[in-house]
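> The chain contents come next:
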Amino acid sequence: MSSETSTESQFSGDFPPQRSDSLQPWQLFTLAGLIGATITVFLSRGQSPAAVILLSLTVFAAAAVGIAALRMVMPLTSKARPDSTQVLGGRTRAVLERDKALVLRSIKELEFDRAMGKVSEKDFTEMSGRLRARASRLMRQLDAGAGYREQIEREIEKRLGKAPVVEVAGLCSSCGTKNDADARFCKGCGKAMETRS
Amino acid sequence: MASLGYYLLLAAFVVCAYAAAISVGGARRRSRALIESGIGAFYLVTAIMAAASAVIVYAFVTGDYSIKYVQRYSDSTQPLFYKLTSYWGGLDGSIMFWVALLSVFGAVAVYVNRERHRELIPYVVAVISVVEMFFLFLMIVHNNPFSTYLTQNPTDGAGLNPLLQNFYMVIHPPTMYSGFVGLTIPYAFGMAALITGHLDDSWLRAVRRWTMIAWLFLSIGLGLGMIWAYEELGWGGYWMWDPVENAGLLPWFTATAFLHSVMVQERRGMLRVWNVSLVIMTFFLTLFGTFMTRSGIVQSVHSFGQDPVLTQLFTTFMVVMLIFSFGFVIYRMPLLQARNELDSWLSREAAFMYNNWILLFSAFFVLFATMFPTLSEAITGQRITVAAPFFNQWMVPIGLIMLLLTGIGPLLAWRRSTIENLRTSFLVPTICGIALGGTVVALGIPIWSSGLCFAFAGFVVGTIGQEFWRGARVRQQTSGTDMFTALVGLVGRNKRRYGGYLVHVGIVLMFLGFAGSGLKKHETLLMKPGQVVQVGGYGIRHDRIRVTDDGRKQMVTAEITVLRDGAELTKMYPARWFFRKHEDQPTTEVAIRRTLAEDLYIVMPQFEAGQQSANIEITVTPFVNWLWLGFGVLALGTLIAVLPETTFAFAAARVPDAVKAATASMILLAIVTPAAVQAQDGGVVSKSPQQRQLEQKLICMCGSSGCVHSTLENCPMRPVCHGHTAQTGEIQSLLNDGKNLDQALAAFVEKYGEAVLAVPRNTGFNALAWVLPYGLGALGLIAIVLTARRWSSHPAAAVAGGGETQIDPALDARLDDELRNLD
Chain A
1 MSSETSTESQ
11 FSGDFPPQRS
21 DSLQPWQLFT
31 LAGLIGATIT
41 VFLSRGQSPA
51 AVILLSLTVF
61 AAAAVGIAAL
71 RMVMPLTSKA
81 RPDSTQVLGG
91 RTRAVLERDK
101 ALVLRSIKEL
111 EFDRAMGKVS
121 EKDFTEMSGR
131 LRARASRLMR
141 QLDAGAGYRE
151 QIEREIEKRL
161 GKAPVVEVAG
171 LCSSCGTKND
181 ADARFCKGCG
191 KAMETRS
Chain B
1 MASLGYYLLL
11 AAFVVCAYAA
21 AISVGGARRR
31 SRALIESGIG
41 AFYLVTAIMA
51 AASAVIVYAF
61 VTGDYSIKYV
71 QRYSDSTQPL
81 FYKLTSYWGG
91 LDGSIMFWVA
101 LLSVFGAVAV
111 YVNRERHREL
121 IPYVVAVISV
131 VEMFFLFLMI
141 VHNNPFSTYL
151 TQNPTDGAGL
161 NPLLQNFYMV
171 IHPPTMYSGF
181 VGLTIPYAFG
191 MAALITGHLD
201 DSWLRAVRRW
211 TMIAWLFLSI
221 GLGLGMIWAY
231 EELGWGGYWM
241 WDPVENAGLL
251 PWFTATAFLH
261 SVMVQERRGM
271 LRVWNVSLVI
281 MTFFLTLFGT
291 FMTRSGIVQS
301 VHSFGQDPVL
311 TQLFTTFMVV
321 MLIFSFGFVI
331 YRMPLLQARN
341 ELDSWLSREA
351 AFMYNNWILL
361 FSAFFVLFAT
371 MFPTLSEAIT
381 GQRITVAAPF
391 FNQWMVPIGL
401 IMLLLTGIGP
411 LLAWRRSTIE
421 NLRTSFLVPT
431 ICGIALGGTV
441 VALGIPIWSS
451 GLCFAFAGFV
461 VGTIGQEFWR
471 GARVRQQTSG
481 TDMFTALVGL
491 VGRNKRRYGG
501 YLVHVGIVLM
511 FLGFAGSGLK
521 KHETLLMKPG
531 QVVQVGGYGI
541 RHDRIRVTDD
551 GRKQMVTAEI
561 TVLRDGAELT
571 KMYPARWFFR
581 KHEDQPTTEV
591 AIRRTLAEDL
601 YIVMPQFEAG
611 QQSANIEITV
621 TPFVNWLWLG
631 FGVLALGTLI
641 AVLPETTFAF
651 AAARVPDAVK
661 AATASMILLA
671 IVTPAAVQAQ
681 DGGVVSKSPQ
691 QRQLEQKLIC
701 MCGSSGCVHS
711 TLENCPMRPV
721 CHGHTAQTGE
731 IQSLLNDGKN
741 LDQALAAFVE
751 KYGEAVLAVP
761 RNTGFNALAW
771 VLPYGLGALG
781 LIAIVLTARR
791 WSSHPAAAVA
801 GGGETQIDPA
811 LDARLDDELR
821 NLD
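Those protein sequence lines, which keep their order, are chains A and B. If you read the first sequence in my numbering, its first letter stands for residue 1, the second for the next number, and so on. If you read the second sequence in my numbering, its first letter stands for residue 1, the second for the next number, and so on.
Hints in this document: simulated from the structure, not taken from any laboratory. This one's a predicted model, so the numbers in the text were calculated from it and none came from an experiment. No residue lacks a Cβ here, since even glycine has one placed at the ideal position from N, Cα and C. Treat the hints with caution; some may be incorrect.
As the list claims (entries may be wrong) - Pulled from the structure, derived: some chain B residues nowhere near chain A, Cβ distances all over 12 Å: (1) L313; (2) L569; (3) R594.
Unchecked claim - Ranges of calculated distance between the beta carbons of each label pair, as one might list FRET restraints: (4) B:G327 / A:L76: 24 to 34 Å; (5) A:T125 / B:A813: 11 to 21 Å; (6) A:T125 / B:L422: 50 to 60 Å; (7) A:R98 / B:Q477: 30 to 40 Å; (8) B:P644 / A:R93: 24 to 34 Å; (9) A:R98 / B:S147: 47 to 57 Å.
Take the sequences, apply the hints, and build the full model.
If you want it as structure tokens, here you go:
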């Protein structure tokens with residue numbers, strides 16, 4: 001039970017569960033497994049060592065079942081559901097990047113093959129020219145589209161629309177140091193922070 | 001305990017269903033919470049299966065004989081090790097073990113890829129969960145390993161089959177299953193890519209390493225099975241083309257094809273449909289293999305359908321899976337279209353296509369030949385047998401072509417090879433091949449097929465050596481270091497390529513092992529105590545027969561002294577063990593003297609304890625150990641290829657040289673020790689060549705599970721097999737009557753039916769067995785030619801389009817810069 005409350009508290013933030021630094025449910029079940037195994041060993045005195053070890057392993061497996069069950073239920077019980085976080089768009093760009101890497105590697109391979117005497121000079125010039133032309137075309141295409149960062153920022157702007165400045169909440173008004181959202185005094189200059197309601 | 005286990009299985013089934021449903025739901029509604037919960041459920045299945053496994057192993061260890069499965073596959077006198085491993089000794093437990101392994105593999109795969117391939121993960125979870133659900137369903141309704149006796153609990157178990165009480169047989173199934181199960185992961189990712197439509201190469205990158213690991217497990221599993229057959233069955237060979245063995249080989253072929261053709265997609269973006277199809281086929285064949293191994297078809301082709309429920313369930317699942325998978329392939333066909341262009345017939349791409357053709361052909365041939373008896377019985381109602389000689393007739397040339405391609409492929413350049421570079425690259429390997437082949441033939445080894453095998457092996461080794469040498473030299477020139485560092489750098493920079501070459505070296509060693517088995521000499525002798533026989537370089541003296549008992553089994557051991565030039569070389573102890581409760585199934589304990597050049601392999605199939613005389617079978621097989629060595633090299637090469645990109649493979653870089661040196665020395669060693677067996681008479685009863693020929697052509701018809709599919713010569717049950725004794729007796733009397741080979745064969749067919757022939761006769765429906773493989777092979781070749789023709793019409797347009805673009809010098813400089821950084 002205590003584990004459930006702890007997960008809820010850690011899940012109320014915007015962070016996904018696995019980013020949390022608290023490992024309590026995990027520890028709880030490991031502890032339960034250890035205690036269970038100890039009890040089992042005491043109860044099953046007189047059995048062969050192999051049997052005792054296996055019983056302990058069964059108890060540990062049960063503890064693992066507990067952890068995994070929690071892992072299954074956890075995302076559903078959280079109040080803040082971080083919805084629609086999947087990657088959208090941008091695939092064409094990834095494809096271009098991938099294509100470019102592919103062409104570059106082909107050029108590299110071709111040069112290696114020529115060095116190993118597997119390609120004649122005439123073929124090399126022809127193929128290399130074609131590949132290089134393709135590579136530079138891809139590079140130009142990539143340049144034309146904006147960089148990832150701008151793209152992401154544009155995307156954020158588009159989605160959040162009216163409230164683009166959430167992070168400002170933690171900025172100190174006098175020195176500009178970034179503080180925790182609920183900080184009352186700035187850790188940079190010590191002045192009192194403006195409280196936002 | 002039993003009901004706990006059963007409830008755990010039920011729980012696992014429910015959780016699997018939940019995982020599948022909620023993952024798909026989460027992916028469709030784009031809900032992170034649902035997807036995360038699905039992943040959690042997926043981990044939960046693993047934990048539940050771990051608990052269930054612990055429960056059943058506990059039952060084995062404590063001897064809970066109220067559980068039928070435990071009672072059937074263990075007994076109280078069994079050593080702890082075999083008690084633990086009895087878990088996968090039988091059908092029900094092995095299905096459970098399958099699910100447990102799959103859940104572990106799946107959980108690891110999902111854990112590793114959950115961030116990188118976020119869009120695929122929910123469907124990966126769903127696909128694997130559905131597969132697990134099927135096997136769990138099998139257990140729940142039909143093959144429950146936890147089912148108990150309702151009344152009268154037995155006090156002791158029946159014991160594991162003594163043949164399986166062998167170290168290799170204990171680790172063989174887990175390795176094999178790991179291979180099978182591992183191949184489910186690429187399938188799951190492939191299907192996820194098809195379902196989501198994210199069909200760029202990212203799913204390939206996710207599964208590449210998994211496929212290699214699974215392939216490694218499969219290879220090692222096959223190798224362990226061979227070692228087991230060699231050491232335990234006692235017929236002097238290691239591969240009988242038994243359905244069980246073939247079951248493991250089928251996905252191996254397609255997985256190998258996939259590992260090769262995936263390179264074409266990575267490099268050139270071609271063959272997309274083909275790669276997805278290969279992944280699906282591989283998974284289908286693992287299912288089919290499990291099915292063949294587990295439905296009773298294993299013991300005997302004749303008992304196919306003995307377990308109709310299991311057969312039906314499996315067939316339904318396989319059909320549904322095929323329709324579902326290929327349905328998606330067709331649905332996604334527009335996304336899978338790629339810019340396919342083939343510049344030349346003599347290019348690496350084309351070589352990969354030939355390679356795929358031959359591997360696929362092998363897979364389908366083996367599948368077809370394995371299923372042919374069942375097919376024939378279903379259609380004509382006539383029982384026939386397709387045994388090792390038939391397979392060998394086909395697979396020897398196929399294997400040789402494959403070996404040759406192994407050597408040719410790496411020599412061809414991507415896109416196009418000119419006459420000039422063909423000449424420079426083929427020169428050294430060809431010389432190597434001709435030199436080795438010539439030497440071997442000059443030493444009296446027949447050209448077909450062992451001599452040719454040696455020549456091709458020389459060619460391949462020449463190719464690989466040249467690749468390493470030239471690559472290292474180029475690297476040495478560009479980086480300006482010494483040769484050794486260059487070699488290390490070469491392997492370190494391109495682990496997959498050079499690891500792959502190392503795998504090829506392993507394959508070559510294996511082929512030499514196969515070539516050796518073609519030179520096998522086999523003698524059966526009846527020996528009295530004190531008698532000495534000269535066999536090859538060895539003098540074999542039978543000293544006496546000793547009978548001992550260790551409480552679990554009675555052991556009858558022959559004491560044999562091996563002499564060389566009159567001096568005692570070693571003592572060997574072939575034996576037969578009669579396990580309690582399995583007295584009718586004595587095991588053959590083979591005595592083997594191993595050297596790199598040849599194995600001296602002694603078996604005692606029959607004995608007369610009163611007179612102290614024994615039937616001794618002596619087999620001298622050259623190069624067997626190279627086969628095992630080949631597996632070792634193969635494993636090493638795969639490990640290098642699997643290593644993460646960042647690992648610096650300095651340790652591995654030395655291996656090729658060592659291997660080559662070892663190979664060279666072994667070849668020398670083998671050449672100076674020609675393996676010839678000359679049996680001298682001296683009161684020794686030995687078989688006539690005609691009789692031996694007939695024994696190779698006829699199948700043991702006793703119908704017991706141990707001898708199905710084996711020719712009389714190879715029957716592992718020989719001494720206790722009544723069918724065998726009767727049939728050899730008949731052969732002898734027929735030959736004594738002055739019948740020739742054909743007449744004797746006809747007489748046998750008349751008495752036992754067509755099934756007695758190891759190779760089906762080329763008449764009526766059976767002609768299909770001969771026509772179909774040819775037809776299939778030709779069809780595949782035609783398909784390749786047609787596709788290649790279609791693809792090779794593209795490049796003209798591509799050149800025209802590419803030539804027009806003027807390259808901006810700044811861009812060109814940047815390109816050069818990026819190319820430098822790529823190294």
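> Now, for every hint given, state plainly whether the structure supports it.
For each hint, the structure was consulted:
| no. | hint | result |
| --- | --- | --- |
| 1 | L313 | holds (28 Å) |
| 2 | L569 | holds (42 Å) |
| 3 | R594 | holds (34 Å) |
| 4 | B:G327 / A:L76: 24 to 34 Å | holds (32 Å) |
| 5 | A:T125 / B:A813: 11 to 21 Å | holds (19 Å) |
| 6 | A:T125 / B:L422: 50 to 60 Å | violated (19 Å) |
| 7 | A:R98 / B:Q477: 30 to 40 Å | holds (31 Å) |
| 8 | B:P644 / A:R93: 24 to 34 Å | holds (26 Å) |
| 9 | A:R98 / B:S147: 47 to 57 Å | holds (52 Å) |
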